[in-house]
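**Student:** Here are the chains, one letter per residue:
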Amino acid sequence: MQESTLYTITIFSENTVGLLNQITIIFTRRGINIETLSVSPSAIKGIHKFTITVFSTKDMIEKVVQQIDKRVDILKAYYSTDDELVFQEIALYKIATNKLLALGSIEEIIRKYNIQILEMNETFMVLQKTGHYKETQGLFDELKDSVGVLQFIRSGRIAITKSKVERLSDMLASIEEKVTNEG
Amino acid sequence: MKSKNNNIEEIAGQARNDSAKGTKRIISGSQILIESLICEGVDTIFGYPGGQIIPVFDTLYDFKNEINHILTRHEQGATHAAQGYARVSGKVGVCFVTSGPGATNVITGIGDAMLDSTPMVVIAGQVGANLLGTDAFQEIDVVGITQPITKWSYQIRRAEDISWAIARAFYIARSGRPGPVVLDFTKNAQAQNVEFEYQPCDFIRSYIPVPEVNPAQIEAAAQLIDEAKKPFALVGQGVILGNAEEELKAFLEKAGIPAGNTLLGLSALPSDYPLNKGFLGMHGNIGPNMKTNEADVIIAIGMRFDDRVTGDLTKYAKQAKIIHLDIDASEIGKNVPVDVAVLGDAKETLAALTEKVKKNSHTEWIRSFDEYDKLEYDKVIRKEIHPEHGQITMGEVVRRVSEATENKAVLVTDVGQNQMMASRYFKYSQPRSIVTSGGLGTMGFGIPAAMGAKIGAPERTVCLFCGDGGFQMTMQELGTIMQEQIGVKIIILNNHFLGMVRQWQELFFDERYSFTEMKNPDFVTIARAYGIASKEVNEREELDGAINDMLQDDKPYLLVVNVETKGLVYPMVPAGACITDILLCD
Ligand SMILES: Cc1ncc(C[n+]2csc(CCOP(=O)(O)OP(=O)(O)O)c2C)c(N)n1
Chain V
923 MQESTLYTIT
933 IFSENTVGLL
943 NQITIIFTRR
953 GINIETLSVS
963 PSAIKGIHKF
973 TITVFSTKDM
983 IEKVVQQIDK
993 RVDILKAYYS
1003 TDDELVFQEI
1013 ALYKIATNKL
1023 LALGSIEEII
1033 RKYNIQILEM
1043 NETFMVLQKT
1053 GHYKETQGLF
1063 DELKDSVGVL
1073 QFIRSGRIAI
1083 TKSKVERLSD
1093 MLASIEEKVT
1103 NEG
Chain P
290 MKSKNNNIEE
300 IAGQARNDSA
310 KGTKRIISGS
320 QILIESLICE
330 GVDTIFGYPG
340 GQIIPVFDTL
350 YDFKNEINHI
360 LTRHEQGATH
370 AAQGYARVSG
380 KVGVCFVTSG
390 PGATNVITGI
400 GDAMLDSTPM
410 VVIAGQVGAN
420 LLGTDAFQEI
430 DVVGITQPIT
440 KWSYQIRRAE
450 DISWAIARAF
460 YIARSGRPGP
470 VVLDFTKNAQ
480 AQNVEFEYQP
490 CDFIRSYIPV
500 PEVNPAQIEA
510 AAQLIDEAKK
520 PFALVGQGVI
530 LGNAEEELKA
540 FLEKAGIPAG
550 NTLLGLSALP
560 SDYPLNKGFL
570 GMHGNIGPNM
580 KTNEADVIIA
590 IGMRFDDRVT
600 GDLTKYAKQA
610 KIIHLDIDAS
620 EIGKNVPVDV
630 AVLGDAKETL
640 AALTEKVKKN
650 SHTEWIRSFD
660 EYDKLEYDKV
670 IRKEIHPEHG
680 QITMGEVVRR
690 VSEATENKAV
700 LVTDVGQNQM
710 MASRYFKYSQ
720 PRSIVTSGGL
730 GTMGFGIPAA
740 MGAKIGAPER
750 TVCLFCGDGG
760 FQMTMQELGT
770 IMQEQIGVKI
780 IILNNHFLGM
790 VRQWQELFFD
800 ERYSFTEMKN
810 PDFVTIARAY
820 GIASKEVNER
830 EELDGAINDM
840 LQDDKPYLLV
850 VNVETKGLVY
860 PMVPAGACIT
870 DILLCD
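From first to last, the protein sequence lines stand for chains V and P. If you use my numbering, the first sequence corresponds to residues 923 to 1105, in order. If you use my numbering, the second sequence corresponds to residues 290 to 875, in order.
Keep in mind the hints are simulated off the structure, nothing from the lab. It is possible that part of the hints are untrue.
Unchecked claim - Per the computed footprint, the stretches of chain P lying under chain V, defined by three or more beta-carbons under 8 Å from a beta-carbon of chain V, are:
(1) 615-628
(2) 648-655
To be verified - Here are some of the chain P residues that sit facing chain V, going by a computed Cβ distance under 10 Å:
(3) SER442
(4) ARG466
(5) ALA693
The structure displayed is predicted, hence computed values, not measured ones. Using N, Cα and C, we set each Cβ at its ideal position, and we do this for glycine too.
Input sequences plus hints: build the corresponding full structure.
**Tutor:** As structure tokens, then:
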């Protein structure tokens, strides 16, 4: 039995209706739980980028990624481990203003955790923190115990590869070259 | 027939001219659909009408001379017929069905086509776009339901998108590893009038149907093959789908390699071809299964190491280096770790490999299969095809029918014991001679698939073997056979049991025959009701005469043969066992 690790899957796709379903059914079939998911338009017009994290084995992740890559509307899918990526998450925390003020030094917390304040009024404040899971979770745990957290939300992971190869643009370039050569 | 094709050419020609000249006609979405299909070379459609596809059927009425529409008796039948048609002809099978229940009735056929890589385009009516998502009458989420079992599933909501979607659908269905495509066609788009222009599709930027052949992979494979002492080839349907039968033979002959076939790979090589060592897997031949675990190099060609072929993966071909030739990169390493992957179209990769490998003969190794052939003949085959007493066996019926057609017929099977017996004892002399449900194992596949096969290869004799169970799953298609006078030869191997399940109950469940015995109707009377000639045979002596009667003309025929009730298909590798742990007759 291989060990289960956190893998980040990056997928570039056409922006068509139902694409997310096409991707998730491949995980469903194999009983894999999606940990985080984030989708947005990519740097290339008309192409969407999915970043998905899952716990899985290397053997399994390879098969799953190939099956995703095979779908007609998917341009490219690949997987990476944390050491191959620069990645980030963002978290928002809604706190009762009076409780936070009662804590004494807000400055200290802000400096310690590198927080931004997005909104503040007499009832509540919204804090923002970016970081890895451990960091955003650390702040949550601390705030929950000290002042209580009214609402908390964390985004899915977004990631950029450290590799010098730009897989999608290289692929698109080679497709383009082929099409112009042929026609 | 000729004038039909001329018209088709004319219509397709006009569409091309219009596009070239920029003088586009404004026509309805339904007409755009039909003319687009004609541009794709479609001349046969299997279908069933209903409320949300009526406009399309109305247009079809004007194209009766160009398109042969076969009205099946159930939408499942339409899909299996399209599959049978596609499998024998290599063309894309096409179905028209209505929304809601029409669409849900085609799920089995779509799933079957997906698992067996059969090119098919299903066009389903859908409620008007303004009603989508409202639980309108006969609205169902067809794209959502079919996404997991199609190569591509798309909803057409505007008439402007029809010709684009059709072009793309056909390109996807037939290119690369073929498969089913669903187009969910809203009623408003059918009725809307827009300009028509047809551009065939031959490129989708996100889709690489055929990976480029990599010379390094060919080189590495050739080296392994040249060094091999006991090479063995596993032939799958990829060879047939890629029309690579001649390339396969050239490869096997040059390198002196014996080959086994998967169920769907049967007929890629003729049965009597010296290097063809038979059928792989659960009910396959002893030789190829045993030799899989003796070979030092295995060359898998267009096959996917299905569990019915491999048995216990932890004990499968562990001693061998494995070379896998496939068009689908996601098959590489999916079930079996591979030493050398050769991606590409089998026609190209086999030719490239043949050029690179050294001439070889491996005479001793090839001859070593003989002892297993003899063992199997003595223990299993002789009793099955030349029984001296007792009730008629399935095997003898199959072999006699095969020989009566000079082994030239197309074999269609249903699922169960009949399927395994037919695949084992039928003989193949030309490619595309077997149509069977491999991946999904769909009972009821037989009758409609045989209809489609006969329509796809009208000049060939088409013989269907089915069980009494499977026959009753789609026997309403006898109505289609009657109406269209489709000359299929149906043989029911009647054992009054759901035989294959009964076999498992006998072997693995202490003979507890839980709900597998069947009280059957008088099949001959049923055939008579449909005006189909029919005969029932109980005695061995009557068999040849009945087969000759059946084959004397090109009309439909139902032959009911009452075979031994408790026959068993041997050899058998029990599910999940090692492929060399083969059960033979007691
Ligand atoms: C649609 C469907 N339902 C159930 C099964 C499970 N099944 C496999 S073989 C078989 C028995 C088939 O009986 P019959 O058609 O009489 O053929 P025989 O095995 O006797 O030749 C059954 C029930 C199946 N393959 N397909």
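**Student:** All hints, please: hold or fail.
**Tutor:** Taking the hints in turn, this is what the structure says about them:
Here the segment 615-628 of chain P counts 6 residues with a CB under 8 Å from a CB of chain V, which clears the bar of 3, and the coverage holds. As drawn, the segment 648-655 of chain P meets chain V at 0 residues by the rule of a beta-carbon pair under 8 Å; below three, the given contact is violated. Given the 10 Å rule on beta carbons, the hint for SER442(P) holds: about 8 Å separates it from the nearest Cβ of chain V. Hint on ARG466(P) holds. Least Cβ distance to chain V is approximately 9 Å, under the 10 Å limit.
Hint status for ALA693(P) relative to chain V: violated, with the closest Cβ pair at about 44 Å, above 10 Å.
Hint compliance for this structure: hints 2 and 5 are not met, and every other hint is.
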